[in-house]
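For chain A, the structure is supplied; the task is to place chain B on it using the hints.
Chains as they are written, first to last, in this note's numbering: chain A, 9 to 329; chain B, 27 to 361.
No lab work stands behind these hints, which were simulated from the structure alone.
Listed below are the simulated BS3-like cross-link pairs for lysine-lysine, each with C-alpha atoms no more than 30 Å apart in a straight line:
hint	chain 1	residue 1	chain 2	residue 2
1	A	Lys272	A	Lys92
2	B	Lys151	B	Lys252
3	B	Lys151	B	Lys259
4	A	Lys272	B	Lys82
5	A	Lys173	B	Lys82
6	A	Lys272	A	Lys99
For clarity, every value in this text was computed on a predicted model and none was experimentally measured.
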Amino acid sequence: MPNTEKQSILDHIRRIFTIRRLTKSGERGMSLISQLISQLLLLLVAATVIYPILWVVSMSFDPRDISRPTELRLNPFQGGMSLKAYADIIKQPTANPVSLGQLMFNSFRLATLTGLASIIVGVFASYAFSRLRFKGRQVLMIAVLAVLMLPSVAMLPALFVLLNKIQINIGHTTFNVRDSLLGVGFAVLSGLLPFAIWNMKGYLDTIPRELEEAALIDGCTPNSAFFRVTLPLSTPVLAVTFFLGFMSTWTEFTTSWLFLTNPKDFTLMMALYNMVGQYSDSTPWSHFAAMSIMIALPVTIVYLFVQRYFVAGLAIGGVKG
Amino acid sequence: MAQISLPQSREKAKKPIWRTLTPYLYLLPAFIVMGIITYYPMVYQVWMSFTDYGLKNLRWNAPLPNFVGLANYINIETDQLGLSYFSFWHVLGFDLFWTFSNVIIHVSLGILIAVILNQQGLWLKGIYRALYILPIVIPQIIVANIFRNMFDPDYGAINQGLAILGKSLLGLSPSLFHIHWIDQIDYPTSWIPLPLAYYALLITNVWLGWPFMTIVASGALQSIPKDLYEAAKIDGASGTQQFWRITFPLLRPAMVPAAVYGMVVTFNLFNLIYFLSGGGPLRETEILVTTAYDLINQQRLYGVAAAFCVYIFVILLILTLATNAVTRATESYDA
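Here chain A stands alone, though its shape is the one from the complex:
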């Protein structure tokens, strides 16, 4: 009797074990027919995803040097490759007398400085919102959220007329702040800062409070606990927030298009806009394609490496704010 009982228990355990093992290893897998149907559907989706990318890449390397693509060409290696389009746009992308280097320098300056400013100014506020309790916390958080909710275009009327009234004199030169990268930077920062505060607050919320409390017990003042414990721990989110700000400013269009009039100040997206649609009559599309790739490639590569840190986080925490 005890022997058979033991046997049945062992059987039971074995059964549980085998089910577990089968589901974990996934060898049970899919039937061949559903495998084939799934592959077909996923290949179709993959084709739609890479279709525009292949088109643009092969257009930028098109060796025929023609103004418009008269036939569909998706293989960049077909009939040889040419870097002429890239060489042309590096010299001068549009009819405006500016080189790609100048445009990139303008966008880079703008993006780096606004991105840095947003995290440097914002991190203290996000720490206060995340860790400290004080009167008016709710109201001030809603004040930040209200701006976050607002699209950047909705602030442009006032920013345009206000910045337009500021003249700066340096030595012999006088310039209008609105008509300068400085003015664009202020306008961009106005939208970037609330985002940076909220994004960093979300991350600081996840750092265990006990770490700071331990530092306080060890004799740290609250301020040095922030600078020595919390701030170093939040380096990843500082980097990510900087990058997100950098990327949105690198491809910024609305403000710079509205504000800037001097071709020497123009940004990358302004030049690209001149190469598409209604303004594109004289621009060969291979130039447009090369320009799109030159703008997109640097940020796309970085994004590819860092996206997993926040695409999932956005789904979990970012939206609740």
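Okay, now just chain B, sitting in the frame of chain A:
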């Protein structure tokens, strides 16, 4: 006793003052900057919206604009701005329809692809995952520009691709595929009052939007315990029943916030519409933010534009409160 308690209470009184001041010191840098470049312009913009601020008031020594009361607000709402084909309610209606039609497609397509992609034993899973991330990581504004050229009637990749597909699969003449995606004024279907440009925008935004929903859905799918499916199988549930009774309800907590986020983004999707259709033809695909930009950039009606932006703010506030009431997302404010 009093002698002992006095210094103690002083100690206590000192500490709170320092403690109550510290948070505000931390807030100071951000709120000084935001005060100057965000909150002051906001207040100024509300004042502007009650004036006839225009080009004549732009110079630094120009006279102040005239106070016009609610005229801007009334003129916007009753379409008396002197803009051809402008209708405030059409813009708002189209914006809402644009948002909902997009998000519904993004979410359902995202879930469908996630379910296919997360089957056990699927081949090439890693390659698909790597490819499907591309629409997220390429800057959206560049994608909008590329699709603008792709929808070109003569040289665009969409018409050329359709012509090749049509010829090889159905034997259709390539000359059929000179579709004017962007500027055709006639509706493609007489019973749906939407121009072809809407469909071009929809195609582009679906290309852009579904991968994010797939990532969110994949994360949620992976957290569903496999035992549930085992149990359902033993109870004799079919694949469809398993989807609607297990997968779908358990995906919902993840998908609702993602959908709300998608709605906010799509409602204000300036870049795509401005670069692809420019709001055309005849302002039919104009949304709120593109109209506001047109009022500033083309019309130079700063006072009217300010009033329009106040409308945008109020509409977004109502939408946010409404969606928050649905998702109860506000609870996390206290977290």
